[in-house]
Amino acid sequence: MEFDSIINLAYVIAATLFVFGIKMLGSAETARRGNMISGIGMLIAVVVTLLDREILDYKWIVAGLIIGALIGGIAARVVKMTSMPELVALFNGFGGLASLLVAWAELEKIESLGWQLYTGQMGTPAQFSSFVIYLAMLIGGVTFTGSLYAYGKLSGRVSGRALVFGGQKFLNILLLVAILGIGVVFTWTENLDTASSLFVIGVSLALVFGIMGVMPIGGGDMPVVISLLNSCSGLAASAAGFVIGNNVLIVAGCLVGASGLILTVIMCKAMNRSLGNVLFSGFGAASQSTGDDDDREPKAISAEDAYYVMEAASSVVFIPGYGMAVAQAQHVVKELAELLEENGAEVNFAIHPVAGRMPGHMNVLLAEADVPYEQLVEMDNINPIMPTVDVAVVIGANDVVNPAAANDESSPIYGMPIIEAHNAKTVFILKRGQGKGFSGLVNKLFVMDNSRMIYGDAKATISAMVNELKG
Amino acid sequence: MDLVLLFFIFVLAAFLGLELISKVPSQLHTPLMSGSNAISGITIVGAIVATGANGDGTAGMILGLLALIFATTNVVGGYLVTDRMLLMFKKKGK
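Quick note, the sequences are listed as chains B and L, same order. Residue numbering for the first sequence follows the numbering used here, beginning at 1 and increasing consecutively. Residue numbering for the second sequence follows the numbering used here, beginning at 472 and increasing consecutively.
For reference, chain B alone in the conformation it holds in the complex (with noise of 0.2 Å):
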């Protein structure tokens, strides 16, 4: 009895140290520590776990954690920083998967003990540890898959762009009925073989589901996703410590749905979206563009005449969205930045919440590429001297910068609070090409008089201006 004190006071001291991880990870001073002391909460629940009277044989542990730590550590290592998103969409999954076969490796247990020895062990009804499996399964399961076809969206192993099909919506409810359903006669039957074949059954639709879940998603709301397959995967923990009974995964786990979901709020935030807009609507699949009567022609610009005015300029702004990201731009937009400032420019780089593909995407690259990060204003600091901002430069970037969402209300992004390019003196907007953005909307921002497009690679374009800055 005394032993297994020892290992609760343990728990709390780890979960004392989570609260405090997490806590200092909101801040920029602060977060590496805060991270080390999470990870310092990590390996004390790691070691007094492996204290635990119930373990018989300690070689497949060893092995485990030897295979596991190999794989993250290296994983971990020998990523470009630019893949980190995928990475930590990877990790994410695998975080799921985890707990889902936590919940499986239980049920087989009961399964070798019959419910009444398990019942008496856990002083729990039968009900309830049947009801907790198939929840830490289903969550573990949805974040696990979901963060997989997250993590090929982010690699560009599968496409980007939104899936949506006829009937979509109807099997994704048939889908959810049949898990619930499941779901209910796995939680109240008493017969374990019946049981057993309901969870395979539940399992392989939980995979599916969290497929279907991420597949009418489109890019642009990718941000979303993944901080609420975070979320998730934090559930998941907390629902598998319901399973066993163990407070410290309840705790950990909570904690950290509930700052997935703070983070989610403000990816919804950043959009002027609900969640279930994001999550139902389909949203950017289908290229519906809204009765426009500007029939004025985008008006383009080579990148050596552009560089004229950029030379020029005494204040410059980059606007960067996904598109660096994809020409991985980010190493020749900070040159043209330090060439800029040579010449007497101000820099800055104007972050809106939601650019790119995950919460912080554009932050993770520009510090990869050194640009100090004084120079990376966020959303709301910005736009009060966009007038004052000689050049604009969007790299990429196309939703966050379109004036629709600010003063055209039949717009579908009305009310996304945008970065006001649009008010800067010029602006000059790197392109790809003449299609649309991921919302598949008419951008006003390309057709207004000060704005100017430069279409081609981004990375060709900025190194053709960092060429003739230097010549």
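Warning: the hint list may mix true and false statements.
Partial selection, computed: residues in chain L whose CB lies under 8 Å from chain B [said to hold, decoys possible]:
| # | residue |
| --- | --- |
| 1 | Leu503 |
| 2 | Ser511 |
| 3 | Leu534 |
Treat the hints as calculated values from the structure; they're not laboratory data. The C-beta atom is built at its ideal place from N, Cα and C for all residues, glycine as well.
Assemble the complex: chain B is given as a structure, and chain L must be docked to it using the hints.
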């Protein structure tokens, strides 16, 4: 285990989590996600017990071992990646 107590803990942790972070600068969105994701690897605790407490070669042990490998990857990789990212931010701050 007292069920009510478990729920009590869960609810308190949820409110604590929601109050913990109010305004996160966008610079920290990715590290916060990645760092909290590492914490969600706490399932590792359940995986260790499942691997060690079920008899050798049983289905429970094999599932536990798989869970352990994935959870450990999540934990170790998650913390290291977050640290690498934050180090990169830090360097720039000076």
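- Item | When the least beta-carbon distance from L:Leu503 to chain B is tested against 8 Å, hint result | OK, holds: L:Leu503 within 8 Å of chain B, min 5 Å.
- Message: Quick check on L:Leu534 please, does its C-beta sit within 8 Å of some C-beta on chain B?
- Response: 4 Å, holds
- Message: Just to be careful: measuring from the Cβ of L:Ser511 to every Cβ in chain B, is the smallest value less than 8 Å?
- Response: Holds, because the Cβ-Cβ distance from L:Ser511 to chain B comes to roughly 4 Å (cut-off 8 Å).
In summary, the structure agrees with every hint in the numbered list given earlier.
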